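There are 2 protein chains.
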Amino acid sequence: MKLLALCGSLRVASVNAALLRAFARLVPSGAGLAPSPRLGDLPLFNPDLDPAPPAVLALHAAVAAADGLVIATPEYAHGVSGTIKNALDWLVGLEAFVHKPVAVINTSPRAHHADAALRETLRTMSAGLVGEASFLLPLLGAGLDESALAASPQVAAVVAEAVAALRAERARQQTSGVAVFPLR
Amino acid sequence: MKLLALCGSLRVASVNAALLRAFARLVPSGAGLAPSPRLGDLPLFNPDLDPAPPAVLALHAAVAAADGLVIATPEYAHGVSGTIKNALDWLVGLEAFVHKPVAVINTSPRAHHADAALRETLRTMSAGLVGEASFLLPLLGAGLDESALAASPQVAAVVAEAVAALRAERARQQTSGVAVFPLR
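As you go down the protein sequences, you meet chains W and G in turn. Residue 1 is where the first sequence starts when you use the numbering used here, and the numbers rise one by one after that. Residue 1001 is where the second sequence starts when you use the numbering used here, and the numbers rise one by one after that.
The hints are simulated quantities; they were obtained by calculation from the structure and are not laboratory data. Keep in mind it's a predicted model, so treat the numbers as computed, not measured. Heads up, the beta-carbon is just placed ideally off N, CA and C, and yes, glycines get one too. Accuracy of the hints is not assured; some may be wrong.
Taking beta-carbon pairs under 7 Å as the criterion, some of the chain G residues facing chain W (in silico) [unchecked claim]:
1. Asp1048
2. Ala1052
3. Thr1124
Footprint (simulated), chain G over chain W, 3 or more residues, beta carbon under 8 Å [said to hold, decoys possible]:
4. 64-74
5. 85-94
Same shape as in the complex, but just chain W (with noise of 0.2 Å):
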């Protein structure tokens, strides 16, 4: 299973990239977590931009061919980070996003507001949200890096949660006929 990491900071110290790093190490055999695109080089939605810029071609084309995502973002002023709502501005509408399979994983306790209007969008974009594959992760302020979440018990136990979720979900589509890109 090849699951795609969205990240929605740009911080080099960010602890989501970190978060989602050690993911990426601790995803059992059998599925893989490919790094975030650069949201960064993303422009900034506008439909107007047609053909859309490579950038946005790219983002489509990595959420086409994963199995399942993986978003981590920070919340900011008590709202999703301008960064993430831009990757997801451009994936409205996008064959490919509908009923894909999505984890939501949420670093701080005190992000309710990002973490409830992330949701929102993504029901209202019609991805395949999946509840048991979300977690909060109180680790802002934890000064945790990458290796030292990676070593983390409680991190493992989650990503394992993630994926195994992710990969029922995925598996309960796929015999109840949904068609949910990349078909294989």
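Got chain W; can you put chain G on it based on the hints?
Okay, now just chain G, sitting in the frame of chain W:
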């Protein structure tokens, strides 16, 4: 009173952009509404970019020079547009944004998710969100262009009320000793 428009859509045919241009034509004498900075020219928010890029510094300067802001922005997938949130992400912590009188004009009766999220973010950023200056104008799908909007008595009434309320808030702040940029 110098007001600054902030438009959360980059579409040429955006009803929000048309409304802001009509608003500028209807502003009563003694006030003015400057066109929205091109928010699509901003990079995606990244605090590692230090010093901030020129487009960000230009936005900061335009906001600092304004006596108030008029925001009109669409809802995308039950959320704020990535474009307006990205602009606000760059304004978090800007001294000149705190207590700045802000009017929010919502052009779609269905866009209550984005309107609520935008207001929550503005309050969190300590903007001087002025409820009496903020309106729902159900324009989406009405097919009105800038000229038609500028000729609408309903739009004219909203502009007059919004400007009066922003002016009253600014005056209240000045007499109550709140320090609001620009100091005059």
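Enumerated hints in conflict with the structure, sorted upward: 2 and 4
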